[in-house]
Every structure is written in C-alpha cells, then in structure tokens.
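Participant: Here's the letter readout for the chains.
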Amino acid sequence: MARLIAQRLFNSAVSIALVSIVLFLIFEISPETVAADALGQYSTREQRDLWLAANGYFEPLHVRFLDWARRCLTGEFGNSRLYNAPVSTVLGPRLAASGILAACFFAILIPLSLSLGVFAGMKEGSKLDRGISLLSILTTSVPPFASAVLLAAIFVFGLGLLPGTSSMIDGFRWKELVMPVAVLLLYDFGYLTRITRASMADVMQTAYIRTAALKGLPDWWIILRHALRNALIPPFTVIMLQINWLIGGVVVVEFFFAYKGFGSLILEASLTHDLFLLQACTAVSVLIAVGTQTIADIGYGLLNPRIRVAR
Amino acid sequence: MTDVAATQKKVTLLSLLRESPILVAGLSILGFWMLVAIFAPLIAPFGPNQNLVPMAPPGSRTPDGRLMLLGADHLGRDVLSRIIYGGRTVLTYAPLATLCAYSVGVTLGLIAGYKGKWVDELLSRFADLVLAFPVIVLYIVIIQKFGASGLNILVAVTLASSPGIMRLVRGVVLDLRTRAYVSAAQMRGESTFYVMFVEILPNARGPLIVDACLRLGYVTITIGTLGFLGLGIPPPTPDWGSMINESRHFAMVFPHMAVFPCLAVSSLVLAFNLIADGLRELSLAD
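Protein chains in written order, with my numbering: chain Y, 1 to 311; chain G, 1 to 286.
Just so you know, the hints here were simulated from the structure itself, not pulled from any lab data.
Beta carbons are placed, not taken as given, at the ideal position from N, Cα and C, and that holds for glycine.
Check before you lean on any hint, since a few could be wrong.
Stated by the list, open to error - Listing some non-contacts, in silico: residues in chain Y with all C-beta distances to chain G over 10 Å:
no., residue
1, 43
2, 119
3, 293
As the list claims (entries may be wrong) - The calculated label-pair distances, taken between Cβ atoms and stated as ranges, are:
no., chain 1, residue 1, chain 2, residue 2, range
4, Y, 127, G, 18, 17 to 23 Å
5, G, 61, Y, 30, 51 to 57 Å
6, G, 207, Y, 130, 20 to 26 Å
7, G, 146, Y, 154, 16 to 22 Å
8, Y, 44, G, 118, 33 to 39 Å
9, Y, 62, G, 250, 47 to 53 Å
10, G, 250, Y, 135, 28 to 34 Å
11, Y, 138, G, 50, 50 to 56 Å
12, Y, 83, G, 250, 24 to 30 Å
Stated by the list, open to error - Reference listing, derived: stretches of chain Y covered by chain G, where coverage requires no fewer than 3 residues with Cβ under 8 Å from a Cβ of chain G:
no., region
13, 7-19
14, 137-145
15, 191-198
16, 239-249
17, 262-276
The whole structure should be built from the sequences, with the hints applied where relevant.
Facilitator: Next comes the structure, spelled out in structure tokens:
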C-alpha cells in the first residue's frame, strides 16, 4: 500500500512539474506581452523595457523559469493589476467563498445521488430505475448556464422567492447560496446517479449476491451488508474526479449570480488580461485537479484491494 | 447506427421505435434542429440581425403588424429568428469541433496503442498533462491568449478533448492488436498505416460511436458556455450561448430573451444524450 501511495504521489509531482513548464511557456514566453499586461495597454515602449529590466526578464529562459517556479512555490505571484493588491490576498477569500459553495454542493449531492443510484440499481429495468435514469438524462442535458437562467426565471422572476444575485454585499446570507448550489446540483447529480446505478446493477448480478439471496437472507440485509460496500467503490472515485468538472460549473454559476468566488475571479482575470492573477488561478486550479485525482487513485487502491501496482 | 443493429434483421423506423424509443426520440429532436438550420432563411420570419422593436415581449407585433412570436431582444432583434439562425452556428461548430478532436484523438490513440513502448509512454504522458487542467481553465487560458473566434474554439475543443479520445482508442487498440486478423495483415506485409486504419479502426467503432454522440453533447454545452461567458463566437453572429450572455442583464425583467435560447440548447444536448443512450442500449442488446 505504501508503494501504491508513493507511486501515485510521485506521478502527481511529475504532472505538476510538467504542467508548470507548460504554464510558464504559455504565460511568460513573450516578455512584451507580459509587460503590456502588467503595465496596461497605454504604457510606452520605454516604460515596458524599464519594467522588464527591473523584473529580470532579460535573463536567459531557464533562469527565468527557475525564478518563476520559486516565486510560485512561495506564493509570490506578483500584483494583480485589476485589484491593485498582491495576488495571494485577492485569492484567499475567493477560494474560501468557493469552498463554501462546493461544501454545500457535496453535502447535498452525495446522499442524494448515492441513494437514488442505489434505489435504481437494486432492481434493474424496474419502473423506478427507468424513471430515475430518464430524470438523470434530462437534467444532465441542461447546461449549467441554461439551468441558471431557467431557475432564475422561475424562482426569482416568476415566484420572487429567492434573490437573483449572490454577491453577499450585506454579509453572508444563506438564501443567496440556494440558487448557485441548486444549479450545480441539477447539472451534476444525474451523472453520479448513473454511475452509482450502473455499479449497483453490476454488483446485484454477481454470484455472491445470488448466493446470499438463495440462502434466504432478506433483501435489505443483502443490500446493506453485501452489495453496498462494493457498489460504492466507483462512485467514490467519480466524486473526487467530479471536482475537476465542478470548476467548470462553478465558473458559470459564479459569473451568472455574481458570487465572489474563485470561478468568477479566474474569468475576471482572463477577460481583463490580469496576467499574474490568471497565472495564480490556473496554478491553483491545476493543483486542485491533480490533488483530487491523486486522492481518488489512492482511495481506490485502499477501497479495492485487488488494485496493485505493476512491478 | 445502422451497422450496430442491421446485422441480421431489417431496420425499419417501427422496429427501431419498438426496440429503442429513446434513440428515436433523440434522432427526431436532432432531425428537427437540422431541418431548422438548413432551411433557416425560409423559416425565420426576420433576419437574425434586423432591428425591430427593442425588448418586445413574446407575441407582440412590429409596427407593420408582423408577429414576433418569442419577442425581441434588447437590440430589437427577433428572438425566434436568432434562435433559428443560431441553430446553424451550433450545428456547424459542434460537429466540426468534434470531428477535429476525433481526427487527432483517434490518430494518436491508434499510434499509442499499436506502437506501444516509448511512443505510448510519451503520448500518454502528454495526454495526462492536458487532462491535468480543469477543462474550463484550459478554454479560458487558450481564448485569453489567442482571442475569441470560431477557429480558436475549434482549436481549444480539439486540444481539450482529443486526449480523452486518445485514451479511449488506445484502450480498445491494446485489446485488438493481438487479434489474428491483425497478425495476418502484418504477415501480408501491410503498412503500419493500413493495419491501424483499415484493420483495427473499423473494429473499434462500437464504443467510439457512443462516445462521439456523448461528446457532441459536451461540445454543444462547451460552445454554449463559452458564448455565455463572453468567450465565444464574436457578435453579431447569432449563437445561443452569446444570446443568453447578451440578455443576461435583462433576464430578471425580460426573461423571454434568455429563456428560449436556453430551451433550444438544452433540447439539442438532450438529443445527443438520448442518441448515445439508445445506441448503447442497442449494442448491449445484440
């Protein structure tokens, strides 16, 4: 097991090293664009040259890369032009805000999808199964931006029950979280439900479940004691990998509801050409993605003892 | 889809309907949008960029008495006509982008799976590298660097989805390359290219067709999302995602401007998902 964990961690470290090279090449390969982004489009040629010289941009490429990597590792991403503040002070609160959003999302998603999936997969082809499957196809077909508009039209415009923006200007209000979380759930729960359903249906067809049924054990005992543990292995992996997808939904939802989180920050950084902010956001998002992938891999190994590292 | 089901029995619409109503439903919706897109100039009551009555609610009339069934947007453009013409945009870019992604992904997957060894190692590492990025971040970075245009959307989608396709193809090829007919072709002295594309690829089509339908749905969502975030095909081209973005600020007061494009894009994605599900059902039943 230690071997498995060590190998996964090593793989992730390699991924991050490679990604950082790619990021450096994308963002920093042409110093002129960096200077233009850092000083704004109305800066003069001389100003840009002075800035480049002061920030060591005339050093050789590998020196610049190592320096850049060191700054990234220590969290000195430079100043955000948009907010006129160090990137790290901008990033912190935004990440926390998105963290709250994600926590609410998962707190509802996991019990909802797992129970629906298990109910559907218990009896493959039953009315309940058909119904749940159809519901999940329907909901996953509505893109997050569309469900945001549609839900807002119903609950904000039509019924007037909920606020249409979630900017949290007057401090934290849970009512403003309802719409963003609902949109994310609507788009995502179908996928996890289908994975759980397929996994449960597979397990229900195995020999040991038949044996348990032939022994005369009651259905609820078979499902709780024998089926559930094995059926929940694939959904666990998917939940972790979901985070990579979730970032996409989060960008859309935060943009639409003006929620001041990480997703809207990365979009602002991109649209306003705030280079250092965008660099930091990209680095953080890759870190999140690779991190959750690693946890998924290791967790899968722990849950499923049949997985072994190839020698 | 015919080659999945048509092995023995003759496929009629009725037998297909009985076997997989889901597939037929998906094909019908897709067919509807394709007809709408092809005959857009004949169906649309107005031009897509014609300014009529700004913010007109659904069912109101222009000064010369023509009906605007779904109302008009903030620039007075008829929403129905823009949805109809927008169908052209999405039904051009989504299949085109998927096709590009597939050409790259299938080629790389065949090479990685068939050649194996260091080629496979290198290509798989590269795929991991791209897949390490959250998809939306990849799009945002690419569009920020190269600007928003139809071509850049194709490039971004290809870059973001070909590694996934490559992995899928590679997996199938690893299984297929040990088959007797592959060895036979190698014995005959066929070229690597021939073995990969003529012997292996046709036999790998089953999972690929289902995946392609699902991916068409994703790409449709992606193109819509990019338009919605203001990173899509530049205005004034009618595009469903951009329509929603432009009318977003008015959505709380005049929801009709944003709601109808949302319904349009959702129905198209639904069509692709239903087709994928139906095909999977059929291939499992055989």
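Participant: Could you work out which earlier hints the structure fails to respect and list their numbers in ascending sequence?
Facilitator: 3, 7, 8, 11 and 15
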